[in-house]
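Engineer: As a plain string of letters, each chain reads:
2 protein chains.
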Amino acid sequence: MGLLAGLTTTRAIRRYRDEPVPAEALRAILFAATRAPSGSNRQPFRFVVLADGPNADAAKRLVGDAARRIWQTKQHTDGYDRADAEPASPRARLARTMRHYVDTFEQVPVLILPCLVRYREPTLMEGASVYPACQNLLLAARALGYGGALTGFGLAVDAELRALLDVPEGTVIAGAITLGRPAGQHGPVRRRPLAELVYGETWGEAPAWAIDPPGTTFTAAGPPNATETRSVPGPDAGAGTAG
Amino acid sequence: MGLLAGLTTTRAIRRYRDEPVPAEALRAILFAATRAPSGSNRQPFRFVVLADGPNADAAKRLVGDAARRIWQTKQHTDGYDRADAEPASPRARLARTMRHYVDTFEQVPVLILPCLVRYREPTLMEGASVYPACQNLLLAARALGYGGALTGFGLAVDAELRALLDVPEGTVIAGAITLGRPAGQHGPVRRRPLAELVYGETWGEAPAWAIDPPGTTFTAAGPPNATETRSVPGPDAGAGTAG
Numbered sequence: 001m002g003l004l005a006g007l008t009t010t011r012a013i014r015r016y017r018d019e020p021v022p023a024e025a026l027r028a029i030l031f032a033a034t035r036a037p038s039g040s041n042r043q044p045f046r047f048v049v050l051a052d053g054p055n056a057d058a059a060k061r062l063v064g065d066a067a068r069r070i071w072q073t074k075q076h077t078d079g080y081d082r083a084d085a086e087p088a089s090p091r092a093r094l095a096r097t098m099r100h101y102v103d104t105f106e107q108v109p110v111l112i113l114p115c116l117v118r119y120r121e122p123t124l125m126e127g128a129s130v131y132p133a134c135q136n137l138l139l140a141a142r143a144l145g146y147g148g149a150l151t152g153f154g155l156a157v158d159a160e161l162r163a164l165l166d167v168p169e170g171t172v173i174a175g176a177i178t179l180g181r182p183a184g185q186h187g188p189v190r191r192r193p194l195a196e197l198v199y200g201e202t203w204g205e206a207p208a209w210a211i212d213p214p215g216t217t218f219t220a221a222g223p224p225n226a227t228e229t230r231s232v233p234g235p236d237a238g239a240g241t242a243g
Numbered sequence: 001m002g003l004l005a006g007l008t009t010t011r012a013i014r015r016y017r018d019e020p021v022p023a024e025a026l027r028a029i030l031f032a033a034t035r036a037p038s039g040s041n042r043q044p045f046r047f048v049v050l051a052d053g054p055n056a057d058a059a060k061r062l063v064g065d066a067a068r069r070i071w072q073t074k075q076h077t078d079g080y081d082r083a084d085a086e087p088a089s090p091r092a093r094l095a096r097t098m099r100h101y102v103d104t105f106e107q108v109p110v111l112i113l114p115c116l117v118r119y120r121e122p123t124l125m126e127g128a129s130v131y132p133a134c135q136n137l138l139l140a141a142r143a144l145g146y147g148g149a150l151t152g153f154g155l156a157v158d159a160e161l162r163a164l165l166d167v168p169e170g171t172v173i174a175g176a177i178t179l180g181r182p183a184g185q186h187g188p189v190r191r192r193p194l195a196e197l198v199y200g201e202t203w204g205e206a207p208a209w210a211i212d213p214p215g216t217t218f219t220a221a222g223p224p225n226a227t228e229t230r231s232v233p234g235p236d237a238g239a240g241t242a243g
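Protein sequences appear in the order of chains P and A.
Numbering follows UniProt numbering, in which position 205 of the first sequence is assigned residue number 205; successive positions increment by one, without gaps.
Numbering follows UniProt numbering, in which position 68 of the second sequence is assigned residue number 68; successive positions increment by one, without gaps.
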């Protein structure tokens, strides 16, 4: 898998085969994750890798319960259950995928909690010291035949997770990544047209070169009820949902 | 360049050859950047790509002035100028690289401002909707023979940049990425030992598989004056400094 191809075809994977992720794969994936840059190379990222121990089971149950509660509400508020959805539409597919994801959350092969050790007051840029490492993690998984997704479902049970895993004061849990062997496939992800996301000399004005490659397919921004400009109806079943 | 190899050998590049980045390269790099995941696939990331227009020149000057002011202080407070630094030490090399970076900032071939369109109150996780795209951008540059670095120097002139580029209210500038043809080389990056960054069932306890590959070289966490545990003295000249 080439580097450039990997970047453009790594989808959020939420359906996993019932297979463990071997230690050698986890080592290579976490090694790649920790090669990511961070502010002043402080490497404030930490990864709690929860596969099959008692804490792993308890953590998956905590996040799974939160995920089911949150998705129950979100599918209504975000419009995934809108009556006008064709069963074959990307929106309906994503709704089915998310339902399966939350209903079987306890069976995800590996749950990884990326954490950030704070050394100063929170800033927007502190995310630049943990989320590039999360992206490296998901891309490395792709390189080795695995896949995953970063979700925010765990934030609802932050206190419980911190207590369970002894996460120290001053360290924040920055999300929850599920990882496993994909039941489905990776492939080209769909986004808004490049000219809507990339500007040149001035805000809102795309440079002449901001043209999607031939064959690019597009998708709307966000869930059905999102207010942002949309390119084509329906969300992208293949792209990242942080939950 | 293979995907996994790219993830482990992409360094922060701060010395550039005096070459423009062609439109085809920018298109491929920004296309890859915008394939990154984001929360609910809202794609709230925007990239202002500043190459050689009048606004580009003005923006580079603004960030360059800020960079020189900030580094002037930072090299003392962070200890990069400590008298005990061997001229050949990684710390001394990084200090020279940073000095050259800020002194010649106006000559960086391309300055890219990654932005985040907010749709709700700031949360830690909002960074998960823009920094994975920044990492994709830097990795795609690597794939095409370019290199870059994400810096926070621009935050000091945020108001001036917003005014110059008409960045709308509710949208935040999440950093500044410099991009160009590397004067130096990419190569393996150095980090703390894997067992210091990756835990298993409980915080602080590394799993048995958390072993760095043979030949891995390590580095300290953060600048010389950083308080975090350090593996070997001196920062990593090859790794990311968000500034």
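Derived by calculation from the structure, the hints in this document are not laboratory data.
Each hint should be verified, as a subset may be incorrect.
As the list claims (entries may be wrong) - Below, a sample of chain A positions facing chain P; criterion: calculated Cβ distance under 10 Å: (1) Leu4; (2) Pro20; (3) Tyr131.
As the list claims (entries may be wrong) - For the chain P half of the interface with chain A, some residues (derived, Cβ under 7 Å), not all of them: (4) Leu7; (5) Val48; (6) Ile70; (7) Leu124; (8) Met125; (9) Gln135; (10) Leu139; (11) Leu194; (12) Gly200; (13) Phe218; (14) Ala221.
None of the values given here were measured: they were computed from a predicted structure.
Where is the CB? At the ideal position from N, CA and C, for every residue including glycine.
Engineer: All hints, please: hold or fail.
Structural biologist: Against the structure, the hints come out as follows:
At about 4 Å, the closest approach between the beta carbon of A/Leu4 and any beta carbon in chain P falls short of 10 Å, and the interface hint on this residue holds. Because the beta carbon of A/Pro20 sits about 12 Å from the nearest beta carbon in chain P, more than 10 Å, this interface hint is broken. Hint on A/Tyr131 holds. Least Cβ distance to chain P is approximately 4 Å, under the 10 Å limit. Annotation: interface hint on P/Leu7 holds; nearest CB of chain A at approximately 4 Å, less than 7 Å.
Because the beta carbon of P/Val48 sits about 5 Å from the nearest beta carbon in chain A, less than 7 Å, this interface hint is met. A hinted interface residue such as P/Ile70 counts as satisfied when its beta carbon comes closer than 7 Å to some beta carbon of chain A; here the least separation is about 12 Å, so the hint is violated. A hinted interface residue such as P/Leu124 counts as satisfied when its beta carbon comes closer than 7 Å to some beta carbon of chain A; here the least separation is about 6 Å, so the hint holds. The criterion of a C-beta within 7 Å of any C-beta in chain A is met by P/Met125, whose closest approach is roughly 5 Å, and the hint holds.
The closest approach between the C-beta of P/Gln135 and any C-beta of chain A is roughly 4 Å, which is under the 7 Å cut-off, so the hint is satisfied. Taken as an interface hint, P/Leu139 checks out: its beta carbon lies about 6 Å from the nearest beta carbon of chain A, inside 7 Å. Residue-level restraint check for P/Leu194 holds (minimum Cβ-Cβ distance to chain A is 6 Å; threshold 7 Å). Look at P/Gly200: its Cβ gets to within about 6 Å of chain A, closer than 7 Å, so that hint holds up.
Annotation: interface hint on P/Phe218 violated; nearest CB of chain A at approximately 11 Å, more than 7 Å. For P/Ala221, the interface hint holds, the least distance from its beta-carbon to any beta-carbon of chain A being 5 Å, beneath 7 Å.
The structure shown violates the earlier hints numbered 2, 6 and 13.
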